[in-house]
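Number of protein chains: 2
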Amino acid sequence: MVIKPMLAYVRTLLTEVLNEGDVAVDATVGNGHDTLFLAQLVGESGRVYGFDIQAEALASARARLEEAGVAERAAFFLESHAEMREFVPAGVKAVTFNLGYLPGGDLSVVTTEASTVPALQAALDLLVPGGILSVMLYAGHDEGKVESEAVLDWAHHLHKKEAHVLMYRFWNQKNSPPILLAIEKRGRL
Amino acid sequence: MVIKPMLAYVRTLLTEVLNEGDVAVDATVGNGHDTLFLAQLVGESGRVYGFDIQAEALASARARLEEAGVAERAAFFLESHAEMREFVPAGVKAVTFNLGYLPGGDLSVVTTEASTVPALQAALDLLVPGGILSVMLYAGHDEGKVESEAVLDWAHHLHKKEAHVLMYRFWNQKNSPPILLAIEKRGRL
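Chains as they are written, first to last, in our numbering: chain A, 1 to 189; chain B, 1 to 189.
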């Protein structure tokens with residue numbers, strides 16, 4: 001396939017932007033797949049800050065990173081990603097959001113626009129120019145529809161001098177396929 | 001910029017898919033920029049079929065390819081791209097559409113959905129599996145808005161087993177920025 005599937009496309013961007021020693025944030029740790037990917041990219045001298053409000057998610061993610069021998073590169077916070085400014089230093093190169101619910105977890109615990117939009121703004125503020133903020137949106141459940149619309153509205157109104165906002169989505173899939181926003185920070189307004 | 005601008009992204013796909021000796025189609029020759037790019041990719045043993053309904057466009061494009069020393073790789077047709085089946089053999093690896101009007105030309109001569117949608121279907125039929133059909137949509141003028149909606153509707157209804165349809169667009173630009181559809185042929189239904 002010449003056209004990259006969504007996850008492969010995100011990972012290409014993250015691979016291009018992240019180098020040994022960089023700082024990255026996984027704003028929605030979940031089962032830790034993205035956290036592990038980020039930890040591998042930032043190397044031994046880099047750091048990944050991971051957020052989730054479910055302890056079982058963080059435990060699962062930590063186990064995944066331990067198994068891969070890279071747990072010391074990550075710091076996990078049982079906190080809302082909307083609070084990331086309190087825990088993450090400025091100078092972040094990449095932040096990933098994978099919205100919705102924890103696969104295999106409690107389906108009633110979902111991200112919602114009330115915290116997601118402030119968290120996205122915090123992430124954008126923490127990024128260095130040239131840094132990447134990736135957001136996977138799922139509109140297939142009711143809260144996801146409301147949340148996706150709020151995120152799309154927020155991103156639509158970002159000033160073009162502040163960020164490039166790319167929408168990357170497959171247009172002929174059924175049942176509300178995910179939408180990716182890839183946001184590249186330009187300057188600070 | 002890590003996120004590729006639209007034209008650079010299209011050219012990356014075309015570069016990946018086209019090799020020496022391949023056949024490509026520029027369905028909207030215009031001033032011939034895409035025709036030249038395709039001719040360079042298919043090499044001396046390849047072939048580019050170019051369509052435009054304005055003779056001045058074809059003359060300008062042919063001059064551009066002559067200047068680059070690659071005019072013998074292209075065949076130009078003063079015909080609607082909706083007729084491409086009559087002139088192009090099967091086995092095409094890539095087709096490009098850049099809809100709207102000829103830059104610097106007669107603004108009253110625009111592509112319209114009546115011919116564009118049949119032309120897109122013909123292009124998809126001519127492609128080999130793995131081939132790429134790229135479509136740049138401009139909704140900034142009245143006919144463009146109607147045409148874009150028709151094309152988006154056509155693409156939305158392509159069966160996922162027939163093609164992957166990627167939408168690639170910048171989400172925070174003003175004044176109806178272009179939308180790219182990158183369509184990768186899978187099988188023939």
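Keep in mind that the hints were calculated from the coordinates and are not lab data.
Quick caveat: nothing in here was measured; it's all calculated off a predicted structure.
Hints may be right or wrong, so weigh each one.
Which copy is meant is left open, because identical chains are indistinguishable; a pair holds if it fits in one copy or across any two.
Within a straight-line C-alpha distance of at most 27 angstroms, the following computed DSS-like cross-link-like pairs (lysine-lysine) qualify [claimed, not checked]:
| id | residue 1 | residue 2 |
| --- | --- | --- |
| 1 | K174 | K160 |
| 2 | K160 | K4 |
| 3 | K174 | K161 |
| 4 | K160 | K145 |
| 5 | K174 | K145 |
Taking the hints in turn, this is what the structure says about them:
1. In this homomeric assembly, K174 and K160 come within 27 angstroms of each other (Cα to Cα) only across copies, at 9 angstroms, whereas the closest approach inside a single copy is 31 angstroms.
2. For the homomeric pair K160 and K4, the shortest alpha-carbon distances inside one copy (25 angstroms) and between copies (15 angstroms) are both at most 27 angstroms.
3. Within a single copy, K174 and K161 get their C-alpha atoms only as close as 35 angstroms, which misses the 27 angstroms cut-off; across copies the closest is 12 angstroms, which meets it.
4. Taking the shortest alpha-carbon separations for K160 and K145, both the intra-copy value of 25 angstroms and the inter-copy value of 23 angstroms come in at or below 27 angstroms.
5. For the identical chains of this complex, K174 and K145 are neighbours both inside a copy (15 angstroms) and across copies (24 angstroms), given an alpha-carbon limit of 27 angstroms.
When the structure is compared with the earlier hints, no violation turns up for any of them.
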